[in-house]
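Two chains, two frames, a set of hints: combine them into the complex.
Respectively, the protein sequence lines represent chains A and B. First residue of the first sequence? That's 98 in the numbering used here, and the numbers climb one at a time after it. First residue of the second sequence? That's 2 in the numbering used here, and the numbers climb one at a time after it.
Treat the hints with caution; some may be incorrect.
[What the hints assert, rightly or not] Distance condition first, Cα-Cα at most 25 Å in a straight line; then the derived PhoX-like pairs of lysine-lysine:
id, chain 1, residue 1, chain 2, residue 2
1, A, Lys137, B, Lys71
2, B, Lys71, B, Lys60
3, A, Lys102, B, Lys60
4, B, Lys28, A, Lys160
5, A, Lys137, B, Lys60
Think of the hints as simulated: they come from the structure by calculation, not from any bench.
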Amino acid sequence: MNRFKELTDLELMREIANFESRALEELYDRYSPLLYTLIKKITPDEETAEKVLVDVFVIVWRKTFRFNFNNGNVYSWLVTLARNKAVDTLRRSRNSLSTSQIYDDDYEDYFIIPTFLDDMDSLDLNTAMSLVPKVERALSKLTDTQKYVLHLAYYEGYTIDEIADKLNVPIETVRSKVMNALHNFRDNLTKE
Amino acid sequence: MSDDAIHEMMAAFAIGCMDRKNFIQFKDYVDAGGELPEGALGELQNIVSLIPTILEIEKPKESLKDEVAKRLIGLQDEIKTRIREEKRKTLLGKTYQTAQKETGRPTFQLSNLTKSTIVKETKEEMKAKTKTKYEGSVIPEKPVQYMTPQPSIPQPKEKSAGGIIGWLALLISVILFSVLGYYSFTSIETLNKQIEELNHDITLFRSELSRTNNFMNNYLSFIEFFNYKDVIIINLTSVDPNEKASARVFLSFDVKEGLIQFKNVKPLQPNQGYQLWAVSKGVAYSMGVYTPSSNEYIHISSFPFIPKENIEMLKITIESNTGSPTPSVQSYLVGNFPQQTKVR
Chain A
98 MNRFKELTDL ELMREIANFE SRALEELYDR YSPLLYTLIK KITPDEETAE
148 KVLVDVFVIV WRKTFRFNFN NGNVYSWLVT LARNKAVDTL RRSRNSLSTS
198 QIYDDDYEDY FIIPTFLDDM DSLDLNTAMS LVPKVERALS KLTDTQKYVL
248 HLAYYEGYTI DEIADKLNVP IETVRSKVMN ALHNFRDNLT KE
Chain B
2 MSDDAIHEMM AAFAIGCMDR KNFIQFKDYV DAGGELPEGA LGELQNIVSL
52 IPTILEIEKP KESLKDEVAK RLIGLQDEIK TRIREEKRKT LLGKTYQTAQ
102 KETGRPTFQL SNLTKSTIVK ETKEEMKAKT KTKYEGSVIP EKPVQYMTPQ
152 PSIPQPKEKS AGGIIGWLAL LISVILFSVL GYYSFTSIET LNKQIEELNH
202 DITLFRSELS RTNNFMNNYL SFIEFFNYKD VIIINLTSVD PNEKASARVF
252 LSFDVKEGLI QFKNVKPLQP NQGYQLWAVS KGVAYSMGVY TPSSNEYIHI
302 SSFPFIPKEN IEMLKITIES NTGSPTPSVQ SYLVGNFPQQ TKVR
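Bound conformation, chain B alone (with noise of 0.2 Å):
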């Protein structure tokens, strides 16, 4: 991006007026710490926070104080949650000063709002829970009642008779108890089989659904992207003729929409990206920075705001995945833009 469109867009950034799509685009690159003039934004809304200072000052009335204490106090609960949970991990061990007390004018103090009340508060709840989970435990509070003799329960008497069958019975019930587990292990093993084989298929048709969603999401982005009017082809080709590789870009000017398609591109390092250019009057604007996985069709994150009209040519440059603002190497593949779109 040349100097001026950098110093453009940051006038643009500091007084508010940019439209939705470069502010995303310019907010996302100074939150990337994308590289700006040094102190220039900063300086840029200072300036622009003065202008309100020549206004007529004009004094809230006095009641929209107790609106903005009555805000506060609806939001509580809301603080006092986060509080708790801060406090939580690094509980109890601090202290913090009491709250001064003060009287007087319409004010925004809310009760128990204060670190100190609050982290109070949390302590006499975690003491009141402590209390209550003993309250209702099922640990007695005399544990001498379990000392006390229970009445006693008559004993059926043991019969000495009988003792063969009583064998017999115990035998008869580890056979049964045998085969049961026999059994049950082995049912359970084939189910276990075929579960594992139920999972494998799964797995195998969500493998297959995704492939199939990718595809279909892919090329139905293609499909309606066709349907707008005014669709301008840009075929890039390698500098080196001895590489396959190549892209297509296809720009929609009416609804400013556009897709980027990269074809036996070479792989690139982790943090590297194909940043896309269009150059106008030898100056080069970014389109943005892609990192395709295959052959898919990507939407152009950053559409050119210069006419058609002065677009002489796109390039693809290797760049950093954050992007460059300007080339900083070679073009790795170019293409012009289509002559018949030119006013003569």
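Excised from the complex, chain A in its bound form (with noise of 0.2 Å):
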């Protein structure tokens, strides 16, 4: 019996802190479809999707210490993790100015390791995948342009200038828009 698989995330997490490989291969076994489905979303093709999920576990595997134990939560340092490495190479495929600098360990950790706050609370997977259909009654409720601005900010990863660019209004407006959105989300989510 893989005594990994009644570990929790966090418990997981831990092991990977002191190299426990067959720790990180149950993580990857419960997170890498979440986490391959967003790559794919976000990267330009499948071939990069892939190596980009790689990259992920890698960094997981090399980058541990870099993980709040505080807050504990795996969920969603992974998922951002996942999210920023992903926009990051399709900002670098379409030469965007906001990603001109060299990627090396320096850079990794201040721009694709998530900044999670100790106050933070804990989420897993189990949590997460169980709060889907409220996730989408929350999301459904948006308006279509409050739907539009999340997408263009979270899976195409562009820049608020470069949405208020796309879209030719101020900055200001996209700013608040994105405010508005999310608060709306979470408003919609905390009502379900």
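Okay, here's the thing in structure tokens:
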């Protein structure tokens, strides 16, 4: 019996921090479908998506010490890490000014690895997946503009300035649209 | 910074759509323990991470797992080094559970990668090193060899005659050594003095060079800055008419860069800084905290994101050196934004 299957996400991260490769394997089994789906949605092609997925798990292996064990939020950390890595790859492929820097360890630590505070609530994969129907309803209640702005920002990897250029609206408008979209999404989810 | 601005920043940060400059500014603020509504950023980050759950989940190819395993094997040396470094600090004494073996599907199991095996390996390596050390040592394996009598070499017999010549030679040698010693001593002393003087000169030249470099760097940034178009100059003066303190701010909205120069400002406490604010519609937006050492030109670290037409004035307050989200004390220096730049 594989004892790692019984461990929580956080316990797996602790094992990975001790370089226990089978814990990483279990984490891969749990998270790779969701992370791959997200990465594939962001990156331009399947080959890139596969490469990014591998890179993400290599980052997890090498940089577990950067994970915030105080809040223990494995789910959000992994999803945000995968999203950041995928968006960075996408931005580099379209020569965006926001990623003109050389990709090295320092860059990865600062721009790719998520910044989470200690006061953040913990979330794991099972809890997140149990919320899917509520998330669907909460998102569907947003206006088309709000959905579009979230899509451009989250999946297309555009910055606020780039969205403002694309939509030909002032930067301030985009800022408030992003904030309102997220706040409405949060409020809808709370009401569910 | 107003509440709305903080919430907009948090939302943009959570969804990951900040441009580079604002990202760095906000991340540094968060990393430095800057004040934020409790739990608000984490809540938004959690909400955002739920977005991909509604996608139609697709499994990656099985071969990708092998690919991850291969990359991990490639990292073995790096990880081993890290574990060894960690272990050497607290070395030996602790035992670790041996890894349980598993077989079956492609796995990430890396031979010799668990702590237990690494520690064992380290111990063995140390043993081997110790062994090698002794093998290569000059100490013989059989010390008894030193006890074996060595073949004797015939020694020249001492001559009894020529005692006076010997004494004379010894005397001359002593005199020669004394003269040579004195000469060496005085020469070395002279050389040491010269070296000391040269060192002094070098230090002087270095400090001179450093001052010149500082001067050049300071004014180069100032000269370069004036290559930009639409440079706006704002003079800030003290709210106390008896005080001579002032500051000048140079802003180029074309390239979103700026410089600030302080003059005759009062000395700050070690934990204080001068925080620059752009005031628009009664709301103050931070443009960074500065701790000038003299009259140097300092680059504006946070260029205002509000349009220049909306800026009414700039002001400076004395805050903690980590900055404050809103001005917490009365203004120290103030200056009106030039009227001709406003759209009427």
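| query | Are A:Lys102 and B:Lys60 close enough, with their CA atoms no more than 25 Å apart? | reply | Holds - the C-alpha atoms of B:Lys60 and A:Lys102 are around 19 Å apart, at most 25 Å.
| field | Distance restraint between A:Lys137 and B:Lys60, which requires alpha-carbon spacing of 25 Å or less | value | 11 Å, holds
| said: So if I understand the rule, the pair passes when the alpha-carbon distance is 25 Å or less; does B:Lys71 with B:Lys60 pass? | reply: 20 Å, holds
| Distance restraint between A:Lys137 and B:Lys71, which requires alpha-carbon spacing of 25 Å or less | 22 Å, holds
| message | Can you confirm whether the C-alpha distance between B:Lys28 and A:Lys160 stays at or below 25 Å? | response | Since the Cα atoms of B:Lys28 and A:Lys160 sit roughly 19 Å apart, the hinted pair holds (cutoff 25 Å).
When held up to the earlier numbered hints, the structure conflicts with none and fits them all.
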